[in-house]
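> Got chain A; can you put chain B on it based on the hints?
Protein chains: 2
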Amino acid sequence: MNGTKSEELALLGGPKAVTVEGKERWPVPTDRIKAKICELIDKGVFWEAGTGISLELERRLAFYIGTKYCLSQNNGTSALWAAYYAIGVGPGDEVLHPAYTFIASIAPAVHLGARPVFCEIDPKTLTIDPADMERRITSRTKAVSVVHIHGNVCDMDAIIAVAERHRLALIEDCSHSLGGEWDGRKLGSIGSVGCFSMQGGPLDGKPLPAGEGGFITTNRRELYERILFFGHLNRAGLADMFSNPLYREMAPTNSGLKFRPHPWAMAMALVMQESLDERNRQRRMYREKIYSGLSGVPGISTVHDHAKATPAGFYGGMHFIYKPNELGGLPLGRFLKALQAEGVLLYRWNYGLTHRLRIFARGFDLYDRGGPLTGDYPGYAEGTLPVTEGVHSRIFGMPTFINEAPNYSDQVIAAFKKVIGRYDRLLWLERLAKRVSPSQL
Amino acid sequence: MNGTKSEELALLGGPKAVTVEGKERWPVPTDRIKAKICELIDKGVFWEAGTGISLELERRLAFYIGTKYCLSQNNGTSALWAAYYAIGVGPGDEVLHPAYTFIASIAPAVHLGARPVFCEIDPKTLTIDPADMERRITSRTKAVSVVHIHGNVCDMDAIIAVAERHRLALIEDCSHSLGGEWDGRKLGSIGSVGCFSMQGGPLDGKPLPAGEGGFITTNRRELYERILFFGHLNRAGLADMFSNPLYREMAPTNSGLKFRPHPWAMAMALVMQESLDERNRQRRMYREKIYSGLSGVPGISTVHDHAKATPAGFYGGMHFIYKPNELGGLPLGRFLKALQAEGVLLYRWNYGLTHRLRIFARGFDLYDRGGPLTGDYPGYAEGTLPVTEGVHSRIFGMPTFINEAPNYSDQVIAAFKKVIGRYDRLLWLERLAKRVSPSQL
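Just so you know, the sequences run in chain order A and B. This note's numbering puts the first residue of the first sequence at 1, with every later residue one more than the last. This note's numbering puts the first residue of the second sequence at 1, with every later residue one more than the last.
Hints listed in this document are in silico derivations from the structure and should not be mistaken for laboratory results. Fair warning: there could be bad hints in the mix.
Note that the list lumps identical chains together, so a pair holds whenever it fits in one copy or between two copies.
[Unchecked claim] Simulated pairs of lysine to aspartate or glutamate, EDC-like, Cα-Cα distance not exceeding 20 angstroms:
#1 Lys23 - Asp42
#2 Lys142 - Asp368
#3 Lys43 - Asp31
#4 Lys323 - Glu389
One chain only, chain A, in its complex shape (with noise of 0.2 angstroms):
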C-alpha cells in the first residue's frame, strides 16, 4: 500500500486522502438542449403524436437497441405499465422481481391485479438470482420482471433457460442500464419487452435522461400493437399501424388512455443521445479503475460482471459490499463516516428492501376491493429473503464521473486504503463511543 497508510486518519485530525475534488467536468450540452427545445417553440411545436422528434428518437432508439419496435412513454413507470399490459399481465396472475430494486418496476404489474413475487438477488451482482427466481415459478407465474440495476447486467442466460423452461414472458427493466450488452447484444432487446425510464437530469438521472420520459423496445409484433393500443391515443397514422383488425376498427381512440411524452423532453433526449457511448464509456473506465484498485482489498468487495456482460448506465452510482467480519466487526456506519472524513464522496443511497417495504411487506388494499395484496397474500416477514436483506444492509454506494477531475479517482483509492489500513483505529474509536456520550464522537 502507498504512504499515506501510515498518516492518521482524517476522522481523528489527520490530513484528507482526497485534497482533489470530485465534481464531474463532463460540460453539459445546455446551449444545444436550450437550442433544440427553442426551435421547436419556435417552430410551433408544443405537442407531437407519433410525429417529429417523437418518432425520430423511437426510431433511432429501436436501432440502437436492435429491436423492430420502439414506443415513446411518459414516463419509465407508464413504460412498465405498458409492457405488462402487452404480455397480458392481470388478476389471478404472479410476477417475479428482485427484491432490491425500485417500486415503479413493480407497481404497475400490480396496479394491474398481478400479486408479486419477490426473488432473492445474487450478492455479487446485485442483481436476480435465477436459481431462487425458478424455486418461486407457480402454476399461476406469468412474467419475470428482471431489472439491470444500477447498470449491472442480470445474468440473461440462466434467466432466458428459466423464462424459456416455463414459458414465461420476460420483462428487462433497463432503466438504469441504457447502453449495456449481454454477449453482444444491448440490453433490452432479449427479453420480450424492454422498458427505459428518462427520467432526471444530465448528470444525475437516467443515462439517457429527459427530465420526465421514458420508452419500450420489442421484437414482437402483437406486443407492440398491445402497446401501441393501450396508451397511444390519436397517435397519428395509427389505424394503419395495426394488423389486428379490431384494434384497427378501435383507432385511433384504441383503450382511451394516453401515455405519450412532452416533445422538449424529447428533444434533450435526441441531443443527449449523441454523447450516450462516450457517457457510458467514460463512466465505465471509472468504475473499473476504482474496482480494479480495490480488487483484493479486505473489508469490501465491488459488484461482479458477468464475463458476458457490458454494463453501462450506471443509474445511482457504483456499488460496494461491505464486509464487518474482514475489519475486526466494525460497523459500516463508522467505516463510511471514515471514508467521508477522508474526502470521499458517497453514499448509502440505495432502494429499500423492496419486499420490505410497507405495502409488500403486509399487503395492502389498493382499490378497496381485494386485489393481490390482499386475501391469501403471504406478505414478506422480516429474514424472508436472507440472502438479499443479508447483503442489502451492507451495500453502499459511490457517484460514477464521466470525465473525472484528475487524480480524484487515484485519491478516491487511497483513501479508501488508508482507511482500511488503519481500521484498528476505527475499532478503538468505536469502543470508547461505548463509554462516552455519542455527541462527543
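Chain B alone, transformed into the frame defined by chain A:
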C-alpha cells in the same frame, strides 16, 4: 338583411363574402415561454416533484379556481384517472357520462373497472341532460362525470341536485372550459373534483396549454390525499401531507405510480396563465358577437348559455346546430360547402358519438379477463340515445379568436346571412346533383 344577399353565392361563382383572413392576431408569448424554460435549464431544473414551478402553478391554480387543493398531473387523462381513483370508482360500479364527449373523459373509469352509462345531452347546450342522467341512476351508480364541453357550462344546479339526492360523487371535466363559472363560482370548484387537461399549444390547445399536462382541484381533504397517494410518488414532503396514518407510513412510494408533469410544461402554463382571463374574455366577446349577429336567422341555432353560466375556454371552438327543415331540407354538407366557399373558416370537427365508438357500442374485453364492457354489458346500438344522435349529426363549429382580424366577424355574419338568404340556389344545386355525375359538382 344586408346587400350581399342579392349577390350570387361564391359556390356558384359569385364574390366571396369574407375577404379578410381570419388568422389569429393575438401575439403568442413565444419569447417569454422560451425564456422561462431556458431559465429552468440554466438552473438545472429537469424534473420536479412538488417543488419549484410545479408547486407555484398548483398554488396559483388553487387560488384561481377557489379550491383548497390543486395537484399537477402529466395529462388530463391521468387527472381524471386519479380523480376516479380518489372517489373509489371500481368494478361493479356504474359512472354516468354524457354521450357526447372525448373518450379520455370516460376511459380511466373503465380501466378502473367501472361500467360507463351514457346519458343524453341537452341539444341546446350540448352538455349532459340532468333529467336523463337521473333516469339512468341505479343502485350501482357511484358517480356522475360531467363535461363542460367546448366551454359550454353544464346545468350545475340541476346536476348538483341529482348528485346530492342520490349521494353520488360529482366529477367536473373542465378540460375545455378553464376560467368558466357557474353563478360566480369557478368550474372545477363545484363538484367533488375538477379535472383539467393542459394539452396543446397556445392558440389551438386547452385554455391553459402546456403541450402535455393536466391538473386536479378539490376542496375535500380525503380526496386530495388519495390523489397524492395514487400517483405522486416521491413528492417532496409527502409524509407530512397525509393525515391518514397508513398513507403516511407508505410515503414516499405510495401506490407506486407516477403521474407528475414535466416542469418545462408547467413553466409554459405559468406564462400562459397570465393571459388566461384576457384570452377568455376576448374569445367570449368574439363568440357573443357572432352568436348575437346570427340570432334568429333561420336554419341554425347557436349554443345556449344558462343564465348562471359564464362560458370560457372554448376548446374545439364555438358551435352551431343546423336545422335543415328551416332550409327546405338542404343537407348540412352542402350548406357548409357554401359557407366555406364564401371564405368562412369552419369545421365539422367535433367528437364522435361516444356511445357509438366501437369500444362502447359493442363492448370490448380490455384486459382479456372480462371486465365492465363484457358479460351483461348492453352496448349501445344506433338509436339508443335518439336526442344526442339527432343533434350530433347537425353540429358544426368555428374557431373562436382572441384577437380577430378587423371586420372578420362582421364578414362571417354576412356570409351566413348571404348563404341562408339564398338557400334556394343550394336546393337547386342539390336537385341538379342528383341528375349529373357527382364529380361535376
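> Next step is simple, just say for each hint if it's right about the structure.
Results for each hint:
{"no.": "1", "hint": "Lys23 - Asp42", "verdict": "between (35 angstroms within a copy, 18 angstroms between copies)"}
{"no.": "2", "hint": "Lys142 - Asp368", "verdict": "between (24 angstroms within a copy, 14 angstroms between copies)"}
{"no.": "3", "hint": "Lys43 - Asp31", "verdict": "both (18 angstroms within a copy, 12 angstroms between copies)"}
{"no.": "4", "hint": "Lys323 - Glu389", "verdict": "within (14 angstroms within a copy, 73 angstroms between copies)"}
Checked against the numbered hints given earlier, the structure satisfies every one of them.
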